[in-house]
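*Asks:* If you want the building blocks of each chain, they are given just below.
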Amino acid sequence: MAWVHRFLNGAYIFRHYPKPSASCPFLGTRFAYYCSSSLQKPEAAPGKTSCQRNSEGDLQGHHQKEVVLDITSPEEKPEVSFDKAIKDEIMDHFRRLKDDIVNHWIGPEGRPLHEVLLEQAKVVWQFRGKEDLDKWVVTSDKIIGGRSEVFLKMGKNNQSALLYGTLSSEAPKDGESGRSGYCAMISRIPRGPFERKRSYDWSQFNTLYLRVRGDGRPWMVNIRGDTDLIQRKNQMYSYFMFTRGGPYWQEVKIPFSKFFFSNQGRIRDAQYPLLLDKISSIGFTLADKVDGPFFLEIDFIGVFTDPAHTEEFAYENSPELNPRLFK
Amino acid sequence: MKPPILIIITSTIILGTMIVLFSSHWLMIWIGFEMNMLAIIPILMKKFNPRATEASTKYFLTQATASMLLMLGIIINLLHSGHWTISMIPNPIASTVITIALAMKLGLSPFHFWVPEVTQGVPLSSGMVLLTWQKIAPLSVLYQISPSINPNLLVAMAATSVLVGGWGGLNQTQLRKILAYSSITHMGWMAAIMVYNPTLMILNLTIYIMMTLGTFMLFMYNLSTTTLSLSHTWNKLPLIASLILALMLSLGGLPPLSGFIPKWMIIQELTKNDMIVMPMFMATTALLNLYFYMRLAYATALTMFPSANNTKMKWQFESMKKMIFLPPLIVASTMLLPLTPMLSIMD
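From first to last, the protein sequence lines are chains C and R. Going by this note's numbering, the residue at position 192 of the first sequence is 192; the numbering climbs one at a time, nothing skipped. Going by this note's numbering, the residue at position 10 of the second sequence is 10; the numbering climbs one at a time, nothing skipped.
Check each hint, because a few of them may be wrong.
[To be verified] Derived lysine-lysine pairs resembling DSS-like cross-links, with alpha carbons at most 25 Å apart:
| # | chain 1 | residue 1 | chain 2 | residue 2 |
| --- | --- | --- | --- | --- |
| 1 | R | Lys-47 | R | Lys-321 |
| 2 | C | Lys-130 | C | Lys-197 |
| 3 | C | Lys-258 | R | Lys-46 |
| 4 | R | Lys-58 | C | Lys-197 |
| 5 | R | Lys-47 | R | Lys-58 |
| 6 | R | Lys-47 | C | Lys-258 |
| 7 | C | Lys-173 | C | Lys-253 |
| 8 | R | Lys-321 | R | Lys-46 |
| 9 | R | Lys-2 | R | Lys-47 |
These are computed hints drawn from the structure, not numbers from a lab.
Build the full structure now, drawing on both the sequences and the hints.
*Replies:* Following this line, the structure appears as structure tokens:
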């Protein structure tokens with residue numbers, strides 16, 4: 001409880017996340033963006049979510065906002081003006097460029113350096129409104145032809161986000177997939193002006209702090225680093241998060257030294273510590289081979305420095321498995 | 001890395017640079033650059049992690065592109081002059097292409113984008129070699145062809161390098177990136193004076209190498225890669241904190257430290273050649289560099305950052321690291337100013 005108060009009330013702690021990208025109704029660009037990147041396809045349909053809503057009614061109680069995507073109901077027709085949309089987009093990018101230049105003068109991430117250096121805890125993502133949900137993408141094995149479903153919506157009183165759905169480990173009938181059954185929620189990569197990739201610098205922190213409420217299922221927390229050349233989708237650092245399933249909130253603290261390295265979905269024999277100066281995204285994956293509904297409620301995700309944690313890296317490389325590392 | 005392999009790789013790096021320094025045949029110079037580049041890749045990948053792999057890949061791609069451009073310039077020169085000897089380059093296209101290729105190798109703006117990324121991704125010792133030894137070969141070739149370089153091109157690259165190095169280093173908390181931007185700035189100062197007085201460029205390079213080696217060695221002694229870890233030096237090794245202060249001020253070019261020598265000489269030489277705006281601009285943008293060096297020195301030696309109690313006990317443990325060259329480097333990086341009149345022996 002003390003940790004929660006420290007996070008949410010401390011002077012060095014609470015920071016607004018930078019503005020998300022422009023939400024102009026330029027459907028063409030967004031549609032192309034969604035189509036071009038397989039991991040970025042969000043999932044929902046209003047019809048299906050209403051069924052889910054009824055089943056989750058006892059949890060939530062009243063009408064919730066959904067993560068609405070490109071699907072609009074026939075009654076409301078958004079006004080699409082190509083010229084206005086282009087102009088708005090360009091103006092927005094130049095405004096962000098100007099903010100970037102001014103923030104560069106002030107300090108790292110737009111804050112004075114002494115504030116950044118003295119910070120010992122930081123809330124990176126929190127869920128207080130729909131704009132916070134826009135920073136996340138949900139995905140499941142539906143992309144490869146599976147039957148899992150996953151949705152993301154705001155929780156009760158707009159104080160948390162609820163990730164829910166149904167996991168199905170039925171393999172897709174495409175002749176090549178033997179296994180299936182995963183659902184994931186991944187944060188969008190932070191973007192600067194002109195869609196430049198940005199990354200988080202968590203090098204002065206050493207532990208990840210999550211306030212979650214689950215249903216007893218084991219989740220995996222995945223962190224991806226920012227890479228330009230090596231395929232970003234292939235490499236990530238993961239650790240487990242076991243939820244208790246009770247009505248009480250659970251504070252999960254995972255030191256960054258515990259994260260293990262995996263490439264193309266396989267845990268590698270050669271392990272490397274997670275380098276914290278260029279973090280690109282964080283994700284939660286459920287793939288516990290148990291079919292059925294699931295939910296995970298997330299209050300906030302933060303990072304902090306645990307002075308009692310002195311471990312640098314939890315795994316060591318073995319000369320038998322990896323002689324190359326010991327040459 | 002096993003000692004025999006390390007010896008072979010290190011000697012190849014040294015041999016590559018020596019071949020560039022001692023050759024008068026353009027092809028041998030190109031071969032020297034290639035040997036150097038290929039041999040330094042394993043040094044950059046000393047720690048096998050994906051970040052080091054990415055940094056080495058970026059380094060390889062940029063240096064290979066620069067080598068291709070260099071070869072193009074050499075062949076154009078061969079077409080027009082008919083010989084392979086390094087001397088005056090009569091053809092302006094060949095001279096421009098070779099200058100651009102060498103600027104890419106050095107990390108001069110606008111070809112500087114690889115320097116912070118590569119320096120950040122490699123261990124401190126590899127970064128030290130990258131920012132000091134790897135500058136010698138391209139600068140030696142530029143020294144030899146300096147009469148035929150387009151001065152406007154070089155001065156433009158110098159001005160942008162000084163600006164980019166100062167502006168880019170402003171908000172860095174990672175020490176290797178700070179030193180990378182410092183390297184870009186110093187390369188800018190060297191490029192600015194190269195056309196007018198190449199000897200001063202060598203002087204600047206010598207003093208820059210001594211200061212950068214000293215700084216890297218201090219960071220390696222401390223095992224610090226971020227400003228925050230450097231700020232805890234006061235309870236580990238208080239003497240190192242004061243040395244970091246001296247070195248940062250020297251890197252910033254403040255008298256009476258050694259770092260002031262090249263800046264003073266370069267501004268004097270540029271003014272003698274009827275250039276007023278350029279040295280004024282460079283001296284002003286050097287303040288940006290001085291700002292982030294002072295910030296590092298402030299965090300390390302002039303203030304005590306709040307730290308947890310368990311970090312306050314490190315003074316009890318003696319450091320077993322041996323840095324034999326550190327004392328002479330510190331002396332050379334801070335106390336050479338009175339010897340400035342003697343430095344005319346470099347002519």
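*Asks:* Each hint: holds or not?
*Replies:* Against the structure, the hints:
1. R:Lys-47 with R:Lys-321: Answer holds: Lys-47 of chain R to Lys-321 of chain R is near 19 Å, not above 25 Å.
2. C:Lys-130 with C:Lys-197: Roughly 23 Å between the alpha carbons, so the hint for Lys-130 of chain C and Lys-197 of chain C holds.
3. C:Lys-258 with R:Lys-46: holds (23 Å)
4. R:Lys-58 with C:Lys-197: Given pair Lys-58 of chain R, Lys-197 of chain C holds - Cα atoms ~17 Å apart, limit 25 Å.
5. R:Lys-47 with R:Lys-58: holds (16 Å)
6. R:Lys-47 with C:Lys-258: OK: Lys-47 of chain R and Lys-258 of chain C at ~19 Å, within 25 Å.
7. C:Lys-173 with C:Lys-253: Judged against 25 Å, a Cα distance of about 39 Å means the pair is violated.
8. R:Lys-321 with R:Lys-46: holds (19 Å)
9. R:Lys-2 with R:Lys-47: holds (13 Å)
Going through the hint list in order, the structure does not satisfy hint 7, though it satisfies all others.
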